[in-house]
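Following the hints, complete the assembly by docking chain S onto the known chain H.
There are 2 protein chains.
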Amino acid sequence: MQESSRMEGTVKPKQIESVESILEKYIPEDELKEVKRILFGQNRGTSVSVQPVNQEATDIANANNFQVLFSKILAEKEQLRQPRIVRIGIIQNSIGAPTNAPIHDQYMAIQNKIEKMIDAAGAMGVNVLCLQETWHMPFAFCTRERYPWVEFAQPVTGEATQFIQRMARKYNMVIVSPMLERDEVHGSTIHNTAVVVGNNGNIIGKSRKNHIPRTGDFNESTYYMESTLGHPVFETVFGKIGINICYGRHHNLNWLAYGLNGSEIVFNPSATVTGLSEPMWGVEARNAAMTNNYFVGSINRVGTEHFPNEFTSGDGKPAHKDFGHFYGSSYFSSPDNCRSPGLSRVQDGLNIAEVDLNLCQQVKDKWNFQMTARYEMYAKFLTDYIDPNYQPQIVRDPSIKKN
Amino acid sequence: MQESSRMEGTVKPKQIESVESILEKYIPEDELKEVKRILFGQNRGTSVSVQPVNQEATDIANANNFQVLFSKILAEKEQLRQPRIVRIGIIQNSIGAPTNAPIHDQYMAIQNKIEKMIDAAGAMGVNVLCLQETWHMPFAFCTRERYPWVEFAQPVTGEATQFIQRMARKYNMVIVSPMLERDEVHGSTIHNTAVVVGNNGNIIGKSRKNHIPRTGDFNESTYYMESTLGHPVFETVFGKIGINICYGRHHNLNWLAYGLNGSEIVFNPSATVTGLSEPMWGVEARNAAMTNNYFVGSINRVGTEHFPNEFTSGDGKPAHKDFGHFYGSSYFSSPDNCRSPGLSRVQDGLNIAEVDLNLCQQVKDKWNFQMTARYEMYAKFLTDYIDPNYQPQIVRDPSIKKN
Chain H
54 MQESSRMEGT VKPKQIESVE SILEKYIPED ELKEVKRILF GQNRGTSVSV QPVNQEATDI
114 ANANNFQVLF SKILAEKEQL RQPRIVRIGI IQNSIGAPTN APIHDQYMAI QNKIEKMIDA
174 AGAMGVNVLC LQETWHMPFA FCTRERYPWV EFAQPVTGEA TQFIQRMARK YNMVIVSPML
234 ERDEVHGSTI HNTAVVVGNN GNIIGKSRKN HIPRTGDFNE STYYMESTLG HPVFETVFGK
294 IGINICYGRH HNLNWLAYGL NGSEIVFNPS ATVTGLSEPM WGVEARNAAM TNNYFVGSIN
354 RVGTEHFPNE FTSGDGKPAH KDFGHFYGSS YFSSPDNCRS PGLSRVQDGL NIAEVDLNLC
414 QQVKDKWNFQ MTARYEMYAK FLTDYIDPNY QPQIVRDPSI KKN
Chain S
54 MQESSRMEGT VKPKQIESVE SILEKYIPED ELKEVKRILF GQNRGTSVSV QPVNQEATDI
114 ANANNFQVLF SKILAEKEQL RQPRIVRIGI IQNSIGAPTN APIHDQYMAI QNKIEKMIDA
174 AGAMGVNVLC LQETWHMPFA FCTRERYPWV EFAQPVTGEA TQFIQRMARK YNMVIVSPML
234 ERDEVHGSTI HNTAVVVGNN GNIIGKSRKN HIPRTGDFNE STYYMESTLG HPVFETVFGK
294 IGINICYGRH HNLNWLAYGL NGSEIVFNPS ATVTGLSEPM WGVEARNAAM TNNYFVGSIN
354 RVGTEHFPNE FTSGDGKPAH KDFGHFYGSS YFSSPDNCRS PGLSRVQDGL NIAEVDLNLC
414 QQVKDKWNFQ MTARYEMYAK FLTDYIDPNY QPQIVRDPSI KKN
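As given, the protein sequences belong to chains H and S, one line each in that order. Counted from 1, the first sequence has number 123 at position 70 by this note's numbering; the numbering is strictly sequential. Counted from 1, the second sequence has number 269 at position 216 by this note's numbering; the numbering is strictly sequential.
One chain only, chain H, in its complex shape (with noise of 0.2 Å):
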């Protein structure tokens, strides 16, 4: 919409850095202390603890021109439990190559990229991972064009999966991989897929996005429909992960599903642009780790594609090749209302969470949420909703008169 100026994962100058990046310049340390409590909370009495990226990674980023950032998010410790600390990653990222290269080649260029961001998680010691969606193709549903866009897609033994497996095992990690899946055994339909890789390079299974986005330059109904696979939460060694992908972050009963299912971490691979949800960013992931105390780390591909035939996005607009920058800003919220900082608006990264899952818990046990939350009323109501004839409960003005 607003970036069209140059190509691949490049911005205009004039793009921020970051909302905290502004907030440090100017504010004077007390204020700024007030301000970064109430903007973006409290984990133990202080703000969330940035903390030192050690040297290999820091090494393996500068070489490769991308940001690493770590934080540490921490529970009180409990009598009956150990801590359960876990490491959790986030990658954003640019695309590799013109998306005019041959299909394979920007495939590995891509590849190329995320290889040197996984060296540095596993540099510094991440046990759970996820990747941006559909990380390994640049995020061509807005031209509405076929081909050769669905050559993108791989079966979940594919090429792609193949790479994450061979990184879960040289890493000891648990890696989700968020993929354009073509499902061969199921009419070769393609889907919006997550697939789920354990610490032993074992594909533990695959969700799919739910609620696909019929918006705009976003239209991806194109291409895939909503998954029929539910709400699975899967169970590894480093805690129980659920993937909500992209536009199911608009939508809280997503967000419910997956933490009344256990889960303690959720993934929010997303790709997403400035001017139409940007000031949802902050909004939507952190009120979810909230209200279903669980980890959230939402991840938002950076940079701007640009296609090479022009396309219109429904909004009365001229044609154009690019529809945006992707402003990046993957981060992490917690059970107990706090966030870590954002990773750059204009540059690949990786995010760092040093946490102890059992703050979901401590969470739950200090707010009772989910023992105040009257599911049975809810159940009841979705239920007499979803009747087509349904009579919402309103009460009248006796004193209006009916149209």
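Hints are computed from structural coordinates only; laboratory data are not their basis. Predicted model only: the values in this text are computed from it and were never measured. There's no promise every hint is true.
Repeated chains share a single entry, so a pair holds when one copy, or any two copies, can fit it.
Dumping the calculated EDC-like pairs for lysine to aspartate or glutamate here, alpha-carbon to alpha-carbon at most 16 Å [said to hold, decoys possible]:
1) K86 with D440
2) K125 with E407
3) K419 with D368
4) K454 with E288
5) K86 with E70
6) K86 with E73
7) K419 with E73
8) K374 with E198
Here is chain S on its own, set in the frame of chain H:
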């Protein structure tokens, strides 16, 4: 908790006025614009536009030591519907007399304050107004003493409502009056209720608090239980109104039900203190407004209330006589992802937003959250979930040994 130095509605001077005031004090205009866009959203391409308050309201506010804010949140012009411009007001206030004064004196001290604030609302042409939770009394439920506090309870037709009816008639204003209700017909029980008074001074109906906290100082179930009145939406001459009282803001299903019943404005009259919920205050209501596509007026009382007898808070700390600073910060959220400035964290105030209610449907049409919501799936999900033998959808890594 942290503030206990003085009496009635005052706080230690180190309390900041608001986050907005600090951002505006330090950040240069260009970068401030970007920070505001990302943190507070945009309405038709710009930040919510702050408007001048007229002379009459300014004079009343100055004479009575409260703040008035006024913003506009507009919509696009449509071909078939006229704009539906409504001025919405929300009031936050400290109590007016010490909590050991005679009950009726305490009540009158608050009523006298509120009367001036409604006068200012009238001078500004407010159409729909909501007061704070149990506006006619201190928030004494932390004491767990039944007497004298239950003496503040009144029947829906009592003195507090009669006062509101007079003001509603005087200013042709719909007024939502959140109060402690004594239901004499039903066992003389007490309820946390909101009475909706029409612009002719008629009582349209009542709503009650759906979710009752049971955490720390807030186990209000000593006094009243959960509503059995559902999620009524009141159709007034100035729009359709739902009331989500206080703790209900942590429950996404509660927000959802008010939305599905047709709310265009949902008020969230609350009472909540610094250190407990403040980082959630700017998140939950905005998430509700965005994802359900209605306006939200979030109201929190202001000041520190000291009680005659000491009480404990279930947190292992010594007994004390106040439970912290109510941080005010009342504000509006819009269906298009933006928010108004908030009132002060330390002073009484009236916040007004002129809105076009057509924005609700326009945002629904743009984002299609309702169309893509899959309510059938979630009706079934919740119905399954409430079965005591529900089996969560867990996919376990087979390499994990069962305990």
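- Query: Looking at the structure, which of the earlier hints fail to hold?
  - Reply: 1, 7
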